[in-house]
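**Q** Listed below are the residues making up each chain.
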Amino acid sequence: MRKLKEKIKDLFALVKEKIVGLFRKLLTWYSGSKVSKLVIKVWNYIKIGLYYVFWPFIKLKKITYDKLRYDQQKVVISILFLLPVLIGFAVFFLYPLLMSLYYSFSTVQVTADGVKAYLGGIGEKKDLLINYKYVLTQSVTFPTGLWETAYTTVIDVVVITIFSLLIAVMLNGEFKGRAFARAVFFLPVIFNSEAITTALAGVDAASSVLQGGSGELAKIFDMVAFFQNVGIPVKIVTFLSGITQSIYDTISYSGVQILIFLAAIQSVPAHLYEAAKIEGATKYESFWKITLPMVMPMALTVVVYTIVDSFLRSDINDVIQIEQTQTRFGNHAAMSWLYVLVSLLIMGLFLAALSKVVFYHDER
Amino acid sequence: MTKDNKFQNLKKAAIDKYNYIKEDLSNPLHRAVKLQKVSDKAVAILRAVIIFGLAFIIIFPIFQQISLAFRHPADLNDSTIVWIPKQWSLINFEISIKFLNYWKSLWNNIRVSTIVTICQIACTSLAGYAFARLRFKGSNILFWLIMLTLIIPPQAFAVSRMLFFSDFDIFGIFAALRGSDRGLTIGGAGKDGVFYLLSLTGQGVKSALFVYLFRQFFRGLPLELEESAQIDGAGILRTFWSVMLPNARGVVTTVALFAFVWQWNDVYYTQLLGVNDDKTFPLLTMQLLKGAEWAQALLNLTGLNIVDGESQTDPKFTALIVNTAAFISMLPLLLAYLFVQRLFVEGIERTGIVG
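Chains as they are written, first to last, in the numbering used here: chain V, 6 to 369; chain H, 11 to 365.
In case anyone wonders, no lab produced these hints; they're calculated from the structure.
Check before you lean on any hint, since a few could be wrong.
[As the list claims (entries may be wrong)] Restraint-style ranges between C-beta atoms, simulated for each label pair: (1) H/G148 / V/E284: 44 to 52 Å; (2) H/S49 / V/Y156: 34 to 42 Å; (3) V/A286 / H/L233: 31 to 39 Å; (4) V/L31 / H/I241: 42 to 50 Å; (5) V/L31 / H/F73: 51 to 59 Å; (6) H/A23 / V/V239: 47 to 55 Å; (7) H/R352 / V/K12: 32 to 40 Å.
[To be verified] A partial selection of chain H residues facing chain V, derived with a Cβ cut-off under 8 Å: (8) Q18; (9) N19; (10) A52; (11) V53; (12) I60; (13) A65; (14) I67; (15) I69; (16) T159; (17) Q165; (18) V169; (19) G243; (20) I246; (21) S252.
On a predicted model such as this, the values are computed, not experimentally measured, just so you know.
Beta carbons are placed, not taken as given, at the ideal position from N, Cα and C, and that holds for glycine.
Using the sequences and the hints, build the whole thing.
**A** In structure tokens, the structure reads:
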């Protein structure tokens with residue numbers, strides 16, 4: 006066996022030597038021959054040509070950019086770096102946003118030669134709020150749906166923020182299998198796919214296959230029925246089972262938040278903890294007195310992200326989508342704007358509440 | 011006798027120990043140390059239980075999916091099979107691959123996600139660096155304007171965006187160039203260039219978040235690094251390329267992973283731009299969605315006679331197929347994650363999102 010290994014090694018070495026030797030031979034031949042001189046000559050001509058082609062630009066750089074002070078150069082480069090983002094922002098974000106605001110006040114019709122929007126309706130009597138009135142009074146599902154979304158979002162934000170902070174604290178400590186635990190906890194970030202949720206919700210695959218046809222077997226593992234039979238009040242059982250069922254959702258929606266908190270905790274200077282330990286603080290105390298205040302600024306980011314994410318996931322999107330498929334674009338725009346306003350309102354409330362307790366360790 | 015003696019000895023030892031501990035605990039310092047040790051242990055156990063439990067909750071559905079995927083359709087109604095299939099079969103995979111148009115859409119997905127990731131990193135890292143270090147008057151306002159794209163959900167102006175894309179024009183330039191009264195049509199079946207355009211201009215999937223991440227990271231790097239590069243004669247571009255960017259490996263990994271995964275899972279933009287096309291340009295997520303919607307109808311129509319005619323109309327069978335399809339459409343991501351997770355988790359440590 007060993008002999009075979011050595012033989013293979015020798016073979017590889019031989020092949021390598023041969024190839025390297027070949028290249029070396031080629032190189033020596035090339036550097037000595039006329040071809041190399043020709044190539045260098047041609048390249049020099051090309052260089053000169055390129056210089057004259059780009060000459061105006063080089064000259065322009067010399068008389069403008071190079072004359073600037075360093076901090077002025079910084080501004081020029083900064084604008085250059087920001088240019089793509091700013092163009093994208095203006096063209097693909099700001100313009101559609103303003104158009105959508107315009108559409109929300111008007112009746113929109115799509116004709117053969119483009120989109121026509123009539124501000125304040127088509128008829129004689131102009132009413133700017135026509136779409137908003139329709140959406141809030143005539144639509145059956147929208148107002149209640151919006152209210153429900155706002156309600157669940159508020160709960161989501163509180164639960165996910167606290168949960169992700171706790172998990173981040175746990176994942177931060179030293180323990181065996183930490184790398185594994187971290188890898189697992191960020192799995193939902195990958196699997197949190199809208200397509201898969203929708204696809205599987207449509208058929209409810211796993212449960213229908215695992216439970217269907219095996220009624221008795223399923224019942225054995227049915228915790229709810231078991232606890233109810235034992236005699237625990239129904240309310241408590243449903244509350245607990247609700248929590249356990251929503252744990253998976255909570256985990257899968259808090260991946261990014263855990264990430265943000267984890268990074269925040271890691272940037273807390275270690276000497277604070279050391280000082281606290283010497284003064285005799287327990288871990289519990291140092292969490293409340295050091296970790297929490299230090300990560301509080303990041304809680305703002307987490308709250309904003311959670312609100313946006315929660316709104317994006319909510320069922321209200323389907324209600325809004327229906328208006329689009331039925332080409333009532335005015336109503337769609339009005340709905341969207343109400344939806345944005347509500348989400349901004351919730352964000353404002355949370356930020357106002359949090360900004361009173363946020364403490365900035367060192368503001369840069 | 012000897013047994014009794016032994017018992018007596020044991021008892022004595024126990025009492026001695028008890029007294030010793032009692033005496034020891036009367037010392038407040040010792041008591042505090044003991045308390046600390048006990049509480050540390052309790053916390054460690056509690057943490058282990060919670061983390062193990064949550065990890066189980068996360069991994070369990072994946073195992074469930076794998077187990078279901080290998081199950082032969084004939085065993086669907088067999089209640090004795092819970093985890094390990096009696097008959098191993100790849101039939102679910104075969105059908106899912108057929109209805110997802112798997113190999114073609116996989117290739118498309120990989121291509122689109124990779125190019126989009128590169129575009130996103132190129133665009134957002136430049137913007138993040140400019141916002142962090144190359145500041146000028148008003149750049150903070152610009153930053154918060156860019157953050158608006160994160161805060162305002164893209165659904166809010168879906169229609170106006172859609173209408174705008176079907177008649178794309180900037181001050182009538184394109185219409186004049188084309189010699190007609192209508193602008194360009196952006197998007198449409200098989201035109202994946204839109205994704206690259208959007209992500210190059212910072213309007214891809216959650217680009218603003220990446221700008222934010224890069225800005226926070228570059229703000230955290232020491233100023234001395236930049237100053238020493240400047241003293242050594244490096245220009246601004248040179249400083250960015252050879253000093254700042256190589257230091258940002260962690261955050262680049264994080265952003266790359268997110269950009270790739272989110273583009274892979276993206277439904278919203280693909281639907282809005284209508285890029286997916288079943289025949290010429292299939293994408294995994296859209297195929298999966300459509301497949302789930304029409305699974306029953308499809309199976310009935312094409313009459314895939316796989317299992318003695320019975321399973322065709324069984325709703326559980328379609329459930330099984332959709333489940334397998336979902337599994338194989340996520341499989342490449344899962345495999346890739348296994349390889350990059352170490353880099354990713356390390357990346358978080360060095361991300362330093364907090365500036």
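**Q** Now tell me if each hint is right for this structure.
**A** Structure-based check of all given hints:
Checked against the hint of 44 to 52 Å, the C-beta distance between H/G148 and V/E284 comes to roughly 45 Å, which is consistent with it. Look at H/S49 against V/Y156: about 39 Å separates their beta carbons, and that is inside 34 to 42 Å. Judged by the Cβ atoms, the range 31 to 39 Å given for V/A286 and H/L233 holds: they are separated by roughly 33 Å. In this structure the hint that V/L31 and H/I241 lie 42 to 50 Å apart at CB holds, the actual value being about 43 Å.
Take V/L31 and H/F73: their Cβ atoms lie about 57 Å apart, and the range 51 to 59 Å holds. Against the hinted window of 47 to 55 Å, the Cβ-Cβ separation of H/A23 and V/V239 comes to about 53 Å, which satisfies the hint. Checked against the hint of 32 to 40 Å, the pair H/R352 and V/K12 passes, with Cβ atoms roughly 36 Å apart. Taken as an interface hint, H/Q18 does not check out: its beta carbon lies about 41 Å from the nearest beta carbon of chain V, beyond 8 Å.
Interface hint at H/N19: violated, since its Cβ lies 39 Å from the closest Cβ of chain V, which is beyond the 8 Å cut-off. The beta carbon of H/A52 comes no nearer than 11 Å to any beta carbon in chain V, farther than 8 Å, and the hint placing it at the interface is violated. Look at H/V53: its Cβ gets to within about 7 Å of chain V, closer than 8 Å, so that hint holds up. Contact between H/I60 and chain V, as hinted, is supported at the beta carbon level, the nearest pair being about 7 Å apart and thus within 8 Å.
Among the interface hints, the one on H/A65 holds; its C-beta lies about 5 Å from the nearest C-beta in chain V, closer than the 8 Å criterion. For H/I67, the interface hint holds, since its Cβ comes within 8 Å of a Cβ in chain V; the closest pair sits about 5 Å apart. A distance limit of 8 Å between C-beta atoms decides the matter here; for H/I69 the minimum to chain V is near 6 Å, and the interface restraint holds. A cut of 8 Å between beta carbons decides the hint on H/T159: the least distance to chain V is about 5 Å, and the hint holds.
For H/Q165, the shortest C-beta to C-beta distance to chain V is roughly 6 Å, which falls under 8 Å, so the interface hint holds. The interface hint given for H/V169 is met, as the beta carbon of that residue sits about 5 Å from the closest beta carbon of chain V, less than 8 Å. Interface hint status for H/G243: violated, as the beta-carbon distance to the closest one in chain V is roughly 12 Å, over 8 Å. About 5 Å separates the beta-carbon of H/I246 from the nearest beta-carbon of chain V, less than 8 Å, and the hint is met.
Because the beta carbon of H/S252 sits about 15 Å from the nearest beta carbon in chain V, more than 8 Å, this interface hint is broken.
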